[in-house]
Structures are given as C-alpha cells and as structure tokens.
Amino acid sequence: MNTSITQQRIAAWWSGIPWHRAARTAGKILAPLAALGIVLGAWQIYVTSANINALILPAPSQIAQHTLADWANLQPALVVTLQETAIGFAYALAFGLGTAALLDLIPPLRAALSPLFVASQSIPIVALAPLLQLWFGTDLTAKVIVIVLVCFFPITVAGLDGLRATEPDLIRLYRSFGASLWQIFYLVRLPNALPAIFSGIRIAITYSVIGAIFAEYVGAEQGLGVYLREKQAAFRVDLVIGAIAVTAIASVALFLLVMVIERVTIPWFFAARRKVAGGEG
Amino acid sequence: MLDITASFQHPSSDRAPKPGEQCIAAMNVSHTYRGDDGQRVAALRDVSLSVAPGEFASVIGPSGCGKSTLLGILAGLDAPTAGVVLLDGQPTTPRQRLGRIGLMPQRDLLLPWRTALGNAVAGLRVHGVPGNIARAQARDLFARFGLSQFERAYPHALSGGMRQRVALVRAALASGPVLLLDEPFGALDALTRADLRHWLLEAWQGLGKTIILVTHDVDEALLLSDRVFVLSPRPGTVRAVIDVALPRPRDLAVQGSAEFVELRRRLLTALEAQL
Numbered sequence: 001m002n003t004s005i006t007q008q009r010i011a012a013w014w015s016g017i018p019w020h021r022a023a024r025t026a027g028k029i030l031a032p033l034a035a036l037g038i039v040l041g042a043w044q045i046y047v048t049s050a051n052i053n054a055l056i057l058p059a060p061s062q063i064a065q066h067t068l069a070d071w072a073n074l075q076p077a078l079v080v081t082l083q084e085t086a087i088g089f090a091y092a093l094a095f096g097l098g099t100a101a102l103l104d105l106i107p108p109l110r111a112a113l114s115p116l117f118v119a120s121q122s123i124p125i126v127a128l129a130p131l132l133q134l135w136f137g138t139d140l141t142a143k144v145i146v147i148v149l150v151c152f153f154p155i156t157v158a159g160l161d162g163l164r165a166t167e168p169d170l171i172r173l174y175r176s177f178g179a180s181l182w183q184i185f186y187l188v189r190l191p192n193a194l195p196a197i198f199s200g201i202r203i204a205i206t207y208s209v210i211g212a213i214f215a216e217y218v219g220a221e222q223g224l225g226v227y228l229r230e231k232q233a234a235f236r237v238d239l240v241i242g243a244i245a246v247t248a249i250a251s252v253a254l255f256l257l258v259m260v261i262e263r264v265t266i267p268w269f270f271a272a273r274r275k276v277a278g279g280e281g
Numbered sequence: 001m002l003d004i005t006a007s008f009q010h011p012s013s014d015r016a017p018k019p020g021e022q023c024i025a026a027m028n029v030s031h032t033y034r035g036d037d038g039q040r041v042a043a044l045r046d047v048s049l050s051v052a053p054g055e056f057a058s059v060i061g062p063s064g065c066g067k068s069t070l071l072g073i074l075a076g077l078d079a080p081t082a083g084v085v086l087l088d089g090q091p092t093t094p095r096q097r098l099g100r101i102g103l104m105p106q107r108d109l110l111l112p113w114r115t116a117l118g119n120a121v122a123g124l125r126v127h128g129v130p131g132n133i134a135r136a137q138a139r140d141l142f143a144r145f146g147l148s149q150f151e152r153a154y155p156h157a158l159s160g161g162m163r164q165r166v167a168l169v170r171a172a173l174a175s176g177p178v179l180l181l182d183e184p185f186g187a188l189d190a191l192t193r194a195d196l197r198h199w200l201l202e203a204w205q206g207l208g209k210t211i212i213l214v215t216h217d218v219d220e221a222l223l224l225s226d227r228v229f230v231l232s233p234r235p236g237t238v239r240a241v242i243d244v245a246l247p248r249p250r251d252l253a254v255q256g257s258a259e260f261v262e263l264r265r266r267l268l269t270a271l272e273a274q275l
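For the record, the sequence lines run as chains L and F.
Anchor point for the first sequence: position 6 equals 6 in the numbering used here, and the numbering is continuous, going up by one each time.
Anchor point for the second sequence: position 162 equals 162 in the numbering used here, and the numbering is continuous, going up by one each time.
Honestly, I wouldn't trust all of these hints.
To be verified - Quick list of simulated restraints, FRET-style, between CB atoms:
id, chain 1, residue 1, chain 2, residue 2, range
1, F, D140, L, R24, 40 to 50 Å
2, F, R239, L, G16, 52 to 62 Å
3, L, Q75, F, R139, 50 to 60 Å
Unchecked claim - Only part of the chain L face toward chain F is listed, based on derived beta-carbon distances under 7 Å:
id, residue
4, S176
5, Q183
6, A271
Quick caveat, the hints were computed from the structure, so don't treat them as lab data.
In this text the structure is predicted, and so the values were computed from the model without any measurement.
C-beta atoms are modelled at their ideal positions from N, C-alpha and C, and glycine is treated no differently.
Given only the sequences and the hints, what does the whole structure look like? Please build it.
In structure tokens, the structure reads:
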C-alpha cells in the first residue's frame, strides 16, 4: 500500500477520534473511583490510628487480603449466585415485558391488574421468602420467584410508560397507512419504548443480584447468601464485608453490561440525544 | 397495489379540471366533536370540495378553522358527523380510505431508528410489500429527487428541509394518487421553504399525484396551486374558490405580474371578509 495514503489514513483516524468525548468518559469513570478511594483511605486511617478491634471493624486492606485468601470458597458461591441471577432475571424480563405488552394492548386488564402490581411491591420480600421456601423448597424455583418479584416491577412500569409515550400524531400517520393495531405496536410503539425499557432494565438488574442473595439467605445449599450467613455465624466480619464488596462489584458489572447492550441495541437514541445536547442544527 | 408507475399520469398541459372528473371530493361534510370541557365544538360545517386528477389544490384559512380536521376526515382517520367523501366518484367509508391516501404531517415524524430510506418505505412495509421491492421503489424516487446521497442517513443527521423531503417520499410511496399535505413547510425558515416549494412542484409534476395542501400562507397557495379553497373561521366552511390560472413555472416575473397581484388581493379579501 502507498505509504503516504497510509499516513493520511492514520492522520484521519487520529483526528477522527472524538477526544473531547473520550476525556468526558474518562472523567465519568475516574470521579467515582476517586471518591471511593477517599472513603476507603479514610476508613483505613481511622481503623489503624484509633486502634479499632479488627473483629468489629477490620481495615479495608485486611478485608481485601482475607477475602482473596478465601477466594477458593467465595468464587463457587459467586458463580452459583450469578447463575441464579441470570435465570431469574431472564424470567423477570420476559414476565415484565409480557405483562407490559398485555396490559397496554388490553386496557380493561390494565385497569384490573396495575393496582395489584403496585400493591405487590409493598409486600416485604423478607416475609414472603420463607413462605416461598416452604412451598417450593430450596431448589431454583423459589429463588427465581423471589428475583422475578423483585425485578419485574421496574421493567413493567418502564415498558408501560414507554409504550404510552408514543406521539399520537405518529400513530395517526401509521393509521393513515392502513396499519393494524399490531403493526403500530411492533413497528412504532415497541421500538419507541426501547429507551424507557432499558432504563427499567438498568434498575431491575441491580435489584436482581440482591434478590438472588436474599433468596439464598433464607434457604439454599450454595451461593453468596449461604456464604454470607455462614461467615456471619462465624463472626468473620472481614469476610462478610468482602462478600458484600464482591456483590457490589458484580452488580456494577451487570449494570455496565446492560449499558453496553443498550448502546449496541439503540445507537440511534444516543446519537439523537448527543445532537440535542450539543445544540446543533 | 402500490406500484407507483401505475398511478403515473403526467399532468396535461391544460390543467383545468374537466367537468365531472374528480379524484377526491367531500360532499356536505360537517364535523362536531366534544371538547375537553364537554361542550360540543363545531369544527366544520357543510364543506364541499372536489379535486380533479392531477390537480394541485390548496385549502387556506385562519388558524383553528378546521383545516387539519378536514384532512383527517379526507384521509379516513376521523369519521365526519355528516357528509361523505368520494374517491374516483365512489362514496367511501373512512376505513376504506385508510391506506389509499398519502398524508404528510406538519412535523416530519420520521422514526429516529430508521435510515431515510427505511423511513421512506414505512407505508409500503405496512402494506406488506417485500423489503427489497419497497427499497427499490424508494431508491428510484430518491434518485429522481436528488436524495440518493442521504439514503443511509438517520433523521437526526438530516436538516429540517431534507427530513420533509423524505416525509413526502414516504407519503407518496404509501398511497394511491392522492396526497394530503398538512402545512408541511410551517416549521421551516423562509429560504428552505422556497427551496422546498420548487422541489414539491417538481415532485408533483413527476409523480402525477393529486395534491391537497393545507396552508395559511397566501403566497404559498398562489405559487403552488391550480385552485385555492378559502375556509371561514370555525366552524369552517368553503367561502370562496379561487382559480389560479397563472402560467407555470411561477417565477419572479409571474409573481410581479398584474394577474398575480390581483389574485393575491382577491384571496386576502376573501380571508379578511371573515375576520
């Protein structure tokens, strides 16, 4: 290949990189990490300088050290919990979106069921989980039900709002084409609702890990909930906090995964939003 | 069903509607609806108008005179309280008109998740035309109207004028011979409007469509139309029909002519008589 053309291409690629956006993104990542670092640093200094009993409040360095030392036990528990989370979340997603679509398409059903769904959110899962364990045992079913109960609501609400947010004029335009209700649903309203649905999914995915751990906490053979309960009983505060940190990291990772999927699925939404934010044209 | 070449009818040099020949007509259409406060609002009263095949007609009137309501009824979106709409001389129900009449709304209403070409084929997709055939038809129109380079662009990357062009192609592909344009250039700046008027005339002559344009711009109506229907304030009713027998293209010389000035005076008089 011609060298000068290659050089030109590299130059074009280099100048084509949106550096200002890259800098903004880097800032978004670094700022929370810096805040976290300050909190952990203060914690570390406080515990060492005030001579706090490590059995009550261990230092972050100690927590990290002991958690890594116990990784052989923690890792299988994490895998089990993440598997349950994935299965439960898949059910929650299907149930949440299915419910949203059904309630949207059948208004009487919406009137009858949406108050009940709101009421279902006031049920303390703490009270319900032992009952579910009684009915379904310690196998996967009870855990999936807990996760679905915790997760479906934000997805359903976001789906319903997103579907209803379609501009009436756009629906009229499609009606003028002779489109059926079903065609309007899948050609216009569903894609239009995707940004809202993703917002609901982002909220739900952070709940899902908590839901799985809680279900395990009540009754299970394996998983982070079981690990937490055992370490609590053994007064291993360091390992409890370590497991909590691992849970948080897993939740953040799932949240970021959803964001990546969102960027890939609805790039048009972000492109249009950037343009509005930039105030161009 | 939607092969646009089938609906081609190149406008004859004599554009005057031939007696009895009508493409779309409203007969004694009245419409009242219940407003937010529960009161009945009369939007249209006894509107009759008839537009010939290939004709470019405009409907002009003060804001709130029911122009958009009229278009909604013609398109089949709303059922009039009284009266009937005829297509090719045949009375039709609103439902029968859906899918047969192209509507171009004031805002382009392009789907942000589809490219310009993807938006243009929206009506064809609804009609079940296979994707490759629909896209071929749209590409053909894009090429004829100088839009080829924008086929793959998403709406957010297009200018307002370009988006309206895509919206017109979408309406033209979605329908039979009749196109209803609801103040399509209302939100654009003056230069873009002038540019789009020329483009619209070219598209109209190239496609041989029958167009009904709703506008509140006197010059726009006179520059584009064969005939102008003047509506009264609400409840809207046809107060005057003005034939615009000016030669085309209506360039600056025509706009300065005595006939143009006289038509403009008549149109403004008809509009002001009601205020």
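Evaluation of the provided hints:
1. Roughly 43 Å separates the CB atoms of F:D140 and L:R24, a value that falls within the hinted 40 to 50 Å.
2. A hinted range of 52 to 62 Å for the beta carbons of F:R239 and L:G16 is consistent with their spacing of about 59 Å.
3. At about 56 Å, the beta-carbon gap between L:Q75 and F:R139 stays in the expected band of 50 to 60 Å.
4. Interface hint status for L:S176: upheld, as the beta-carbon distance to the closest one in chain F is roughly 4 Å, under 7 Å.
5. Checking L:Q183 against chain F by beta carbon gives a least distance of about 6 Å; that is within 7 Å, so the hint holds.
6. Annotation: L:A271 was flagged as interfacial toward chain F, and the flag holds, the nearest CB pair being 6 Å apart, inside 7 Å.
Violated hints for the displayed structure: none, as all numbered hints are satisfied.
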